[in-house]
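Engineer: Sequence:
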Amino acid sequence: MLDPRITSWILEFVLRQPAEDWMANELLFALPLPSPLSPRLKKILLLRRLSSDLSRPSLSARTLLSLELIEELERYAGAGAPSNSLAAAYAAVAVECTTRFLRERSDDDHGEDFFDAVNRIWNCRVADLERSEAAGLFSPALREARREMEEAIVNPVVRVGLTGRDTKKAALDAVRVYLEEAEKEMGPPYLEHLAKAVCEEWMSSGTGRDGSVVELYEMLRNLLASQGERGRYEGLPDGNTAKSSGLLGFGAGKGPNNDDDAIARPNLMNQDPSDLEHVEENRERASLSFVDKGTKDGNPGTTTCVGDKRDCAGAPKPSLMDWNPTARTFEWDEDSIESPSENSPDPSNKLHLPSAKRREISLPLEDNKTFVKRRRKKKWSSLEEETLRKAVERHGVGNWKFIKSCHPEIFKDRTEVDLKDKWRNMIRCI
DNA sequence: CTAGGGTTATAC
DNA sequence: GTATAACCCTAG
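The first sequence begins at 7 in this note's numbering and counts up one residue at a time.
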């Protein structure tokens with residue numbers, strides 16, 4: 007059986023070739039992989055996903071997610087702020103994911119899809135991004151784009167301007183620039199690096215070689231032992247591991263669960279190193295990764311936006327690439343999504359006693375009126391007040407439902423009527 | 001869904 | 001008791 011580390015090298019090599027997506031998927035499915043995946047391999051998978059989006063070419067929320075995950079990977083690996091090209095690609099893709107609904111408008115669509123997209127992407131996703139640890143992606147360009155999208159909501163002239171702009175080309179170009187930069191920064195695939203080293207060794211060793219496989223095997227082993235690749239090829243073996251496990255691990259071999267990564271980079275991915283099932287499960291889903299399932303915009307629904315019913319609150323999530331190569335739960339994970347069934351004083355959960363008709367014998371109270379328990383009074387926090395103030399400034403008075411959907415976490419204990427009442431109280435004071 | 005009137009809880 | 005904030009009800 008192949009050592010999972012070797013399969014990582016093979017996978018890296020294949021993923022970075024212009025091989026067909028199906029082949030990459032097949033390989034991903036067939037090869038035993040280490041758990042957790044090395045950060046390098048995770049990044050390669052994400053870059054490949056971007057590359058796949060470019061080649062179709064189809065930019066969607068999946069592209070946006072890939073960029074977010076890359077940022078997260080780099081952040082957990084200790085990198086500084088995201089590169090300009092990454093942030094630029096993110097902004098350009100976010101714009102394209104919104105304006106495409108203007109271009110693709112059908113006759114019976116009066117712009118609702120575009121408004122939905124602005125809410126979903128800019129009011130939920132980008133707003134969450136700004137508040138999160140991933141705020142490095144929140145570039146001035148993204149801020150400006152958000153301003154423009156918000157203006158487009160109320161100003162048809164701006165919408166027409168956006169429709170005429172080739173945001174798709176701009177986004178494709180920006181992603182291409184980022185990909186080239188990332189590829190360059192990553193250096194050649196490890197297998198290529200190794201092959202080059204073997205070649206050099208062969209050339210320099212001169213005479214006395216018989217060219218046998220055994221000899222090549224020995225040479226590789228020595229190279230691995232002496233080179234001790236670190237840093238750039240993180241997650242790949244150093245000299246010691248190569249020695250202890252025999253050449254490339256073919257011998258006694260380290261088990262797939264030997265987790266140097268988890269020790270060396272405890273912040274990264276924090277997945278249970280003993281749980282190989284995750285790898286299997288992830289891989290199964292990842293096998294779908296390069297196949298377009300044709301969802302409306304491929305939105306994986308990773309934001310905490312609850313109010314947006316289309317992709318935030320319980321809408322069926324496309325399996326397309328919803329595999330999270332970082333295998334972590336984080337700000338946008340579903341766990342953080344408000345669950346109306348628990349703890350949340352959803353107005354629909356008001357304690358309505360059974361109807362008067364059923365209760366008239368046992369409980370002839372309230373003159374047969376339906377008895378509704380009043381919610382416990384809860385004072386508004388300054389955060390709630392400030393958020394409401396800014397939201398009204400931005401979206402205007404009367405859009406209570408929309409405002410609540412923009413800040414599902416902050417207003418999780420409030421109904422849209424509460425927002426309206428609170429605003430009435432606030433302006434009374436002025 | 002929102003606006004506006006009504007009711008209730010709480011602080012003073 | 002009064003003022004006010006928070007919450008409820010319901011017509012349109």
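Worth flagging that the hints you see were computed from the coordinates, not collected in a lab. Take these hints with a grain of salt, some might be off.
[Unchecked claim] Here are the simulated SDA-like pairs of lysine to any residue, each with C-alpha atoms no more than 20 Å apart in a straight line:
(1) LYS190 / ILE159
(2) LYS426 / GLU390
(3) LYS175 / GLU139
(4) LYS384 / THR421
(5) LYS383 / PHE408
(6) LYS407 / ASN431
(7) LYS190 / SER61
(8) LYS418 / ASP134
(9) LYS202 / ARG430
(10) LYS407 / CYS435
[To be verified] Label-pair distances were calculated between CB atoms; the ranges are:
(11) GLY170 / LYS202: 43 to 51 Å
(12) ALA87 / LYS385: 32 to 40 Å
(13) ARG137 / GLU32: 49 to 57 Å
(14) GLU156 / LYS383: 33 to 41 Å
For glycine and all other residues, C-beta sits at the position ideal for the given N, C-alpha and C.
Engineer: Each hint: holds or not?
Structural biologist: Tested hints:
no., hint, result
1, LYS190 / ILE159, "violated (40 Å)"
2, LYS426 / GLU390, "holds (13 Å)"
3, LYS175 / GLU139, "violated (29 Å)"
4, LYS384 / THR421, "holds (12 Å)"
5, LYS383 / PHE408, "violated (23 Å)"
6, LYS407 / ASN431, "holds (18 Å)"
7, LYS190 / SER61, "holds (19 Å)"
8, LYS418 / ASP134, "holds (15 Å)"
9, LYS202 / ARG430, "violated (72 Å)"
10, LYS407 / CYS435, "violated (23 Å)"
11, GLY170 / LYS202: 43 to 51 Å, "holds (49 Å)"
12, ALA87 / LYS385: 32 to 40 Å, "holds (39 Å)"
13, ARG137 / GLU32: 49 to 57 Å, "violated (40 Å)"
14, GLU156 / LYS383: 33 to 41 Å, "holds (34 Å)"
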